[in-house]
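Chemist: Position in the sequence shown (first residue = 1) + 69 = my numbering.
By construction, these hints were calculated from the structure, which means they are not laboratory data. All of these numbers come straight from a predicted model, not from anything done at the bench. All clues stand as given, with none of them false.
Okay, the calculated beta carbon distance ranges per label pair:
| # | residue 1 | residue 2 | range |
| --- | --- | --- | --- |
| 1 | Leu178 | Asp274 | 23 to 29 Å |
| 2 | Thr195 | Arg159 | 51 to 57 Å |
| 3 | Glu187 | Tyr162 | 33 to 39 Å |
| 4 | Glu149 | Lys292 | 44 to 50 Å |
| 5 | Glu268 | Tyr163 | 50 to 56 Å |
| 6 | Ser275 | Glu157 | 45 to 51 Å |
| 7 | Ile98 | Ser275 | 48 to 54 Å |
| 8 | Asn278 | Asp205 | 26 to 32 Å |
| 9 | Lys292 | Asp156 | 37 to 43 Å |
| 10 | Ile148 | Lys292 | 44 to 50 Å |
| 11 | Arg159 | Asp274 | 48 to 54 Å |
| 12 | Ser184 | Asp274 | 19 to 25 Å |
C-beta atoms are modelled at their ideal positions from N, C-alpha and C, and glycine is treated no differently.
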Amino acid sequence: MLELERYEKTDVQEELKHLSEKCKNWVKILLTKSNADAISLKRKITALECKTPPHFNTIDSVEKIRILEKHVQSLEHYIEKNEKEEDELREEYYKNKKKLSEWELEYTLLKTKCSNFEKKVEELSTLTNQQSTKIDFLENHCEELSGLLEEFQRKPENDSSFFETSSVHSRRSLTLVEENLACSVVEVQLKEALNKNEEMVLQIDSLNNELGSNRKLLEAKIKDYEELNGLHQKATIEIESMKHTCKEHSSEIKELASKLKIAEEINEEYSAKLQSLEEVLEERNTEFNKVMSHMKEYLSEIESLKCTCNEHSLEIQELTTKLKTSEEVNEEYTAKLLSLGEVLEQRNIEFDKVVSDMNGYLSEIESLKHSSKLLNEQIDSLNNELGSNRKLLKDKIKDYEELGSLHQKASDEIESLKHTCKVNSSEIQDLTSKLKTAEEANEEYSTKLQSLEEVLEQKNTEFDKIVSDTNEYLSEIESLKHRSKLLNEQIASLNDELGSNRKLLEDKIKDYEELSYLHQKASDEIESLKHTCKENSSEILALTSKLKTAEEANKEYTAKLQSLEKVLEQKNTEFDKVVSDTNEYLFEIESLKHRGKLLNEQIESLNDELGSHRKLLEDKIKDYEELSNLHQKASDEIESLKHTCEENSSEIQELTSKLKTAEEANKEYSAKLQSLEEVLEQKNTEFDKIVSNLNEYLSEIESLKYSRKSLSEQIDSSK
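Could you put together the complete structure from these sequences and hints?
Modeler: Right, dumping it as structure tokens:
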């Protein structure tokens, strides 16, 4: 029993030392964490104060953002693990607290048992004193009886005095026989009492040995408790200093949290501005896409006009060939007319000679002359008209060629503008997508900062709870120390009493060895001793049962302590992991800060690129204005072409009426000219639409310029 108690006491002392060391380690870890969190928050605040609105331009920045998001997710997972571990530690702390309360109850029970044991020891000491007095009386009585017996044995049978006093001794013989019988009975009873007393002596020796071992254990416990008191005093001093530092850190963390809130408000303002800018850019992109679609339609229409112009040029070439053929026919006709004139002159000579014979033919000849004159006049007019038509056709061909060159230039410029617009649209789309990703990243960072602030507040509250729990634990330990001191004092007094009792018992054992000569007056006292021995045996049995229960409780206590040691070892390993994870977390935060600096530099470069893009857009707007002027000129030229085409159509109709030989060709030409007129009218309407759309586009571009100027002024003012 004593060895088990010693083992349990040593285990308890070691566990208390481990707990004190772990408390110190926990306080140090919490301080390091709070310091690291404060430093990281300060750095984040400085970075947020110096940060400009993010603009991302490259694919590397998007990949970096994804990597940062992954890191943040891993950190959130790590924080959740730490919170779970903290909850488990709290549960274990409360369990340990309950166990301490149970141990206190067991301690009070043991204290009551010790007090009862002391009372019983006092009762036994009183009984031993009474028995010692009785034994002294019996010893004296036995000495008297032994003296009488010796005198009786020394006297001879044939003594003269015997005969002289025969009458007297005859009476005494009867009494002596009765006394011998009584002595034999008393001797038997004394032997039994001696055996019982020897058993009692052995039990008392075992109890004395147990009491001695308990004294030694109590002395060792007193020393251990004194050492623990010193350790706890040191721990209380350290915890008070830690409390002071934690209060300072909590004030710093509150200041940092306020700064973080201000930085978050600034970030929200920037995010709102960026959202408005993105909305404006999206509107401008939609408008720009509409303009690009209109420009594509215009280009398709211009290409169709080119095709129609080429077709018209082919038709004009065909008409020129037909005119050449008609001229050749007219020349042949004129040659024939000249030959006919010569024939007519010869016939006139012949008719003059044969006037009398040809009076009937004169009228016909005159009619032929009149018709020939009319034909000559018609031929002359046709020749004049053909010359004028040739000149007009040549002028129109030149105009069409100039229009083709102008359309080619316009198409080339429009294609270049298309390419630039596509490039700008792609760049604007990339910028909008990057701005969206940047806004999402900022929102995620703001939410994560809020979650980190909440976690820090929870950690502060938990740290305050831990400090309060440690203070309660220290107060409980001090109360236990006080109780242990009282127990040590009581145990010392018990040890003194037990030492005195030992001496008395040793003396009594010697006296019991001499009790073999006691016979007569001890029977009553022996019966009383038997009764007291029975009571003592029942008390000893009760004490043994109590000791067994105490041993079982001590065994349970040792098992609990062993389980607590295992749990504490696991927690130590977990705390080591937490420390390593926090170091990794700090390293990742530093890498994130470095990346944030790189992102700020990229944002500055993006701002410069945006300025250059603004200049390019202004130049492009100027180019669009020039294109609008060119389109207006083209529309004017198309209107002049329409007028000339209308004149040509009228002239061609006159030529078709005059040229009966070329009626079919002129009909085809007129039909083609009509189709050309319809196409030209359609194109004129389409060009009018283009001009109106271009004017609208120019007005939108001017509004974009104004909005961009206002945005640039807002950005400069925000910077």
